[in-house]
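Engineer: Each chain, letter by letter, is given below.
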Amino acid sequence: MTASASPPVLEAVEVSYAYPGPTPTEALDRLSLELKDNEFVALLGPVGCGKTTLLRIFAGFLRPTKGSVRCGGASIDGPGSQRGYVLQEEAIFPWMTVRKNVEFGLLAKGLEPFERRKVSEELIRLIGLAEFEEAYPKELSTGMSKMVEVVRVLATDPSILLLDEPFGALDAQTRQRMQDTLARLWAQRRKTVLFVTHDAEEALYLADRVVVLSPRPGQVKATFAVDIPRPRSFETRFSPEFLALKRQVWGAAGLGVSGGG
Amino acid sequence: MMTWLSARRAVVALVAIASLYVLAAEVGHGRLPDRIWMGAHYVENVQLLPTWRSLVEEGTFLIESNILLDSIAVSTRRVALGLLLGSAAGILLGLLTGSASRLASLADPWVTFFRFTPALALLPLYVVWFGYGESSKVLLIATNVAVITFLGAHHGVCGVPRVYLDAAASLGANGWQRFQKVTLPAAFPSIFASIRVAAGLAWVTIVVAELINAQMPSLGYLLALAGAYPRVPTMLIGLATVGALVLVFDLLALLLHAWGTRWMERAA
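Protein chains in written order, with the working numbering: chain A, 1 to 261; chain B, 1001 to 1268.
Keep in mind the hints are simulated off the structure, nothing from the lab. One or more hints might be untrue.
Claimed, not checked - No farther apart than 27 Å at their CA atoms in a straight line, the calculated lysine-lysine pairs in the BS3-like style are these: (1) Lys-221/A to Lys-1181/B; (2) Lys-221/A to Lys-191/A; (3) Lys-221/A to Lys-66/A; (4) Lys-246/A to Lys-1181/B; (5) Lys-36/A to Lys-118/A; (6) Lys-138/A to Lys-1181/B; (7) Lys-118/A to Lys-138/A; (8) Lys-36/A to Lys-191/A; (9) Lys-221/A to Lys-36/A; (10) Lys-246/A to Lys-221/A; (11) Lys-1181/B to Lys-109/A; (12) Lys-118/A to Lys-100/A.
Unchecked claim - Per the computed footprint, the stretches of chain A lying under chain B, defined by three or more beta-carbons under 8 Å from a beta-carbon of chain B, are: (13) 72-86; (14) 106-112; (15) 151-162.
Unchecked claim - Short derived list, chain B residues pointing at chain A, Cβ under 10 Å: (16) Leu-1139; (17) Ala-1167; (18) Gln-1177; (19) Glu-1265.
Bear in mind the structure is a predicted one, so any value in this text is a computation, not a measurement. All C-beta atoms, glycine included, are put in the ideal place defined by N, C-alpha and C.
Sequences are here, hints too, so could you generate the full structure?
Structural biologist: Structure representation (structure tokens):
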């Protein structure tokens, strides 16, 4: 037994989840996961392995069928702004300007307009969208919209970020640019991040730790510590250690076995 | 740019149809019978297709005698009032039932019930309940408008994508904030579209109501009176006036809709 210094910020203990129905679909099976303070964890797994389910449980929209989830030691019993959640779907509010979108969480908290403005201006500048501040989302590209969603969540200064395949719908180039933007944001404002993706390279590029899930029902299959120094750059993606890790992660995800060759 | 172009096309279409009519009237002048059998007797001097000269003459008379303008004022006031009252009631109710699914199943059969009840079928009842005056007519319009806008608001609220509500909840918005900042604006397009439909329907309702429960001055009565003589120029001018007013109301509703959905993507 070790006297642990600080309790895990986010923790799932033996979590199972089955979607109700005539034949309940088991999405998660006794999954346990711990996130330490300011740790960036990527959750990697094939489509339908329950990644999103786990994230929605952490976000407070689903309750585990069995097991428990805790945030800072307290049981999670509903959505809350200390756990910033960026949905997989496009959820930027199209009827609000970029600035209003970013200020939404602060508005909900009852902050004065000038206080909201201070926060939103800085965040919007940080993602390079200052000129779009008063534009409606219809004028943004998919990547830009997603970045607005990320800083909209950051505006309320949550201790935890839950990101569900934020860059899944982007082309490879935009995706890499967005990853760099996110890495920069994270370097400036340390948060505990749980990042869901099905892209091993993305997971390795961003995370301190990559957790590979098995196909449904999801269980932790393997965990990889990513000891690659930051800031990581374009060159990092081609460094021997990165490529070696990538090979291992793909292997753990089952690709090395089934790949025809 | 696009709206300007379509407005120009609409004007061109109107002018073209009017020109066709004028042409047909000139051709028909002197060739069409001017005596028709009206059931019990012959009516002489009927202009089946009045020429533009007699239309101008009749129009001048109707305007100079203030009959037309008074009728427009009275009918427009009824439509506007009915539209306002009906929309307010319908939208409020729709927002309520849309947000609470239990209320929705309660309201559903009644909406279907009223949706297909013709306005005229309600008129006798409304006259008995609310008298021959303004209230029965305004309330008749309001009823029709309320049914349409109720559906618009109800479906608007039910159709709000869950991702928006989830995102708002996870950003810390409470129930009222979610309703006010997410549900309501997301339902606007549907609500404003229903107001536009209701605005057109309101004119159908009022003219028919005024035809039956006729009192001077009103556009419906003007038409009823023209039918009793019969005076075709008056009928045509009355119809054109109603049509023009419908267009004006539709344009206003369209502007409202454009304002309410200015954030939406538009087809190029």
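Engineer: Now look at each hint and say whether the structure bears it out.
Structural biologist: Evaluation of the provided hints:
A C-alpha spacing of about 42 Å is found between Lys-221/A and Lys-1181/B, which places the hinted pair above 27 Å, so the restraint is violated. Our distance criterion of 27 Å between C-alpha atoms is met by Lys-221/A and Lys-191/A, whose separation comes to about 25 Å. With a C-alpha separation of about 19 Å, the suggested pairing of Lys-221/A with Lys-66/A holds against the 27 Å cut-off. A hinted pair counts as satisfied when its Cα atoms are at most 27 Å apart, and Lys-246/A with Lys-1181/B does not qualify at roughly 44 Å.
This hinted pair does not check out: Lys-36/A and Lys-118/A have alpha carbons roughly 30 Å apart, beyond 27 Å. The suggested pairing of Lys-138/A with Lys-1181/B holds, with an alpha-carbon distance near 18 Å, which does not exceed 27 Å. Between Lys-118/A and Lys-138/A the CA atoms are separated by roughly 24 Å; this keeps the pair inside 27 Å, and the hint holds. About 10 Å separates the Cα atoms of Lys-36/A and Lys-191/A, which keeps this hinted pair within 27 Å; it holds.
Restraint check for Lys-221/A and Lys-36/A: the C-alpha separation of about 19 Å stays at or below 27 Å, so the hint holds. A distance of roughly 16 Å separates the Cα atoms of Lys-246/A and Lys-221/A; the hinted pair therefore holds under the 27 Å criterion. Only pairs whose Cα atoms come within 27 Å are accepted, and Lys-1181/B paired with Lys-109/A is accepted, the gap being roughly 13 Å. Straight-line distance between C-alpha atoms of Lys-118/A and Lys-100/A comes to about 12 Å, which keeps the hinted pair within the 27 Å bound.
Remark: the stretch 72-86 of chain A is confirmed as covered by chain B, as 6 of its residues place a Cβ nearer than 8 Å to a Cβ of that chain, reaching the required three. Only residues whose beta carbon comes within less than 8 Å of a beta carbon in chain B count, and the stretch 106-112 of chain A has 3; three or more means the coverage holds. Judged by the Cβ-Cβ criterion of 8 Å, the stretch 151-162 of chain A is covered by chain B as claimed, because 3 of its residues qualify and three suffice. Proximity of Leu-1139/B to chain A is violated relative to the hint, the smallest CB-CB distance being about 34 Å (cut-off 10 Å).
Interface hint at Ala-1167/B: satisfied, since its Cβ lies 4 Å from the closest Cβ of chain A, which is below the 10 Å cut-off. The closest approach between the C-beta of Gln-1177/B and any C-beta of chain A is roughly 5 Å, which is under the 10 Å cut-off, so the hint is satisfied. For Glu-1265/B, the shortest C-beta to C-beta distance to chain A is roughly 5 Å, which falls under 10 Å, so the interface hint holds.
In summary, the structure is inconsistent with hints 1, 4, 5, 16 from the numbered list given earlier, while agreeing with the others.
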